[in-house]
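Model the full structure from these sequences, guided by the hints.
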Amino acid sequence: MDYNELLSTIHSLPKADLHCHLEGSLSPEIAWRIVSENKLSLPDNQVPDNFEDFLGMISIENQARDLLDFTGAYFRNLNCAVTCLDDLREFCSDLIFRASVDNVRLLEISFFPGYIAGNIARHTSSKPLYEEVIRTISLAVCEAESEYGLAAGLIVCLGSRDLRNKNYLARIVDLHKEFAASPTLFTPLCGIDIGDFDMDFLHPDQETEAFLIEQCRVLHNSGMNIKCHAGEAMISTENGEETAVAGSVGTTESIYRALRFGVSRIGHGLAAVQDQSLMLRLYNEKVHLEICPVSNYKTNLFSSFERQHPLRAFIEQGLSLSLCSDDSTIQRSTWDDDYLWAIIRLGLTIDEIRKTITSAYARTFIPEERKNRFRGEF
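For reference, each letter of the sequence shown is one residue, going 1 to 378 in the numbering used here.
Source of the hints: derived by calculation from the structure; they are not laboratory data. Some hints here could point you the wrong way.
Unchecked claim - Computed cross-link-like contacts, EDC-like style, restricted to lysine to aspartate or glutamate with a CA-CA straight-line distance of at most 20 angstroms:
| hint | residue 1 | residue 2 |
| --- | --- | --- |
| 1 | K39 | D86 |
| 2 | K371 | D102 |
| 3 | K177 | E369 |
| 4 | K127 | D86 |
| 5 | K166 | E207 |
| 6 | K286 | E352 |
Stated by the list, open to error - Restraint ranges, calculated between C-beta atoms of paired labels, are given here:
| hint | residue 1 | residue 2 | range |
| --- | --- | --- | --- |
| 7 | S125 | Y283 | 21 to 31 angstroms |
| 8 | I344 | A181 | 37 to 47 angstroms |
| 9 | K286 | S36 | 47 to 57 angstroms |
| 10 | S125 | L7 | 28 to 38 angstroms |
| 11 | N167 | D53 | 36 to 46 angstroms |
The structure presented is a predicted model; accordingly, all values stated were derived computationally and were not measured. Idealized CB from N, CA, C, for every residue including glycine.
See the structure below:
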């Protein structure tokens with residue numbers, strides 16, 4: 001199969017993306033229009049002169065120094081672009097459109113309501129409630145779903161502070177029930193990302209961990225699916241400051257701790273390759289890994305990407321996994337690119353790619369009644 005035929009084959013595959021961050025996937029063209037029309041500067045007071053200048057400030061052309069350098073572009077992207085709820089609606093609709101162009105059929109969209117609400121407050125006289133942010137995204141995505149022919153689900157991202165807030169969690173559960181009762185109006189709130197165990201949950205004491213685990217149990221019993229980030233990057237904390245170690249993935253301990261919280265899916269999970277017993281446990285407990293090849297390269301997690309990336313080892317171990325986009329705008333990538341990289345740089349076959357897509361269909365949090373119309377394609 002020559003390169004052009006490979007591109008055509010990849011593009012034609014139906015795709016299911018279980019790990020797509022809204023804030024890292026905002027249209028750079030729309031963001032630039034908002035920045036230029038409103039004469040906005042970036043949070044670090046950089047003032048872009050043109051679109052190419054702006055793109056260089058909010059994205060990573062080759063590789064970031066490390067994960068935290070990558071997330072710096074992530075939050076510059078967010079902070080400069082979403083100035084009001086109307087902007088948020090436009091970005092959501094555009095994301096659905098762009099996903100449909102790459103033949104994405106199932107798309108889970110993750111987002112931080114608190115970050116978005118706080119940024120809008122910088123540009124308006126009042127801060128929208130978290131519920132307003134979540135409801136705005138759900139309405140906009142639902143409308144775009146019907147227009148562009150895919151099924152979506154929403155994942156609310158939490159940090160450790162949010163997970164401590166019983167009132168906030170109760171409000172999220174109420175929204176989950178509200179959206180489920182009106183499926184033609186709202187895109188479902190189908191899951192919770194409880195945080196990054198490489199960062200937020202590095203050193204909890206036993207009492208705090210027990211409380212947080214109980215919070216997750218309450219969410220699960222309320223019908224919410226639970227996932228997290230873990231085993232992605234090596235993060236160290238000194239004097240309250242976080243630093244990332246380039247060329248090094250996260251710890252196996254972060255994954256073991258995530259399993260104690262009852263997660264059914266883990267974003268990245270790359271460090272599991274260091275521990276055969278852990279891989280066996282992931283296999284036996286049917287924990288699904290969301291692998292993001294382009295992101296893993298851009299965040300500079302490996303000194304040798306092709307030699308050290310564990311995708312091949314995970315497949316040979318029989319782990320449940322799928323390929324995901326993560327932050328396409330910051331990475332300057334498309335949905336097709338992760339599949340292309342998995343084949344060209346990491347040695348997967350088309351048949352193995354198809355198996356990851358089937359696995360994604362099986363493990364998505366999107367409700368059965370929404371995804372079933374695509375069953376034949378998958």
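To see whether the hints hold, each was checked on the structure:
At most 20 angstroms may separate the alpha-carbon atoms for a hinted pair to count; K39 and D86 meet this at roughly 18 angstroms. For the suggested pair K371 and D102, the alpha carbons sit about 17 angstroms apart, so the restraint of at most 20 angstroms is met. With a C-alpha separation of about 16 angstroms, the suggested pairing of K177 with E369 holds against the 20 angstroms cut-off. Proximity of K127 to D86 is assessed by CA-CA distance (about 14 angstroms); at most 20 angstroms being required, the pair is judged to hold.
Simply put, K166 and E207 have alpha-carbon atoms about 16 angstroms apart, close enough for the 20 angstroms limit, and the pair holds. With a C-alpha separation of about 18 angstroms, the suggested pair K286 and E352 falls inside the 20 angstroms cut-off, and the hint holds. Between S125 and Y283 the C-beta distance comes to about 53 angstroms, which lies outside the given range of 21 to 31 angstroms. The beta-carbon spacing between I344 and A181, approximately 45 angstroms, falls within the hinted interval of 37 to 47 angstroms.
Checked against the hint of 47 to 57 angstroms, the C-beta distance between K286 and S36 comes to roughly 48 angstroms, which is consistent with it. At roughly 49 angstroms, the beta carbons of S125 and L7 sit outside the given window of 28 to 38 angstroms. For N167 paired with D53, a C-beta distance near 43 angstroms keeps the hint of 36 to 46 angstroms intact.
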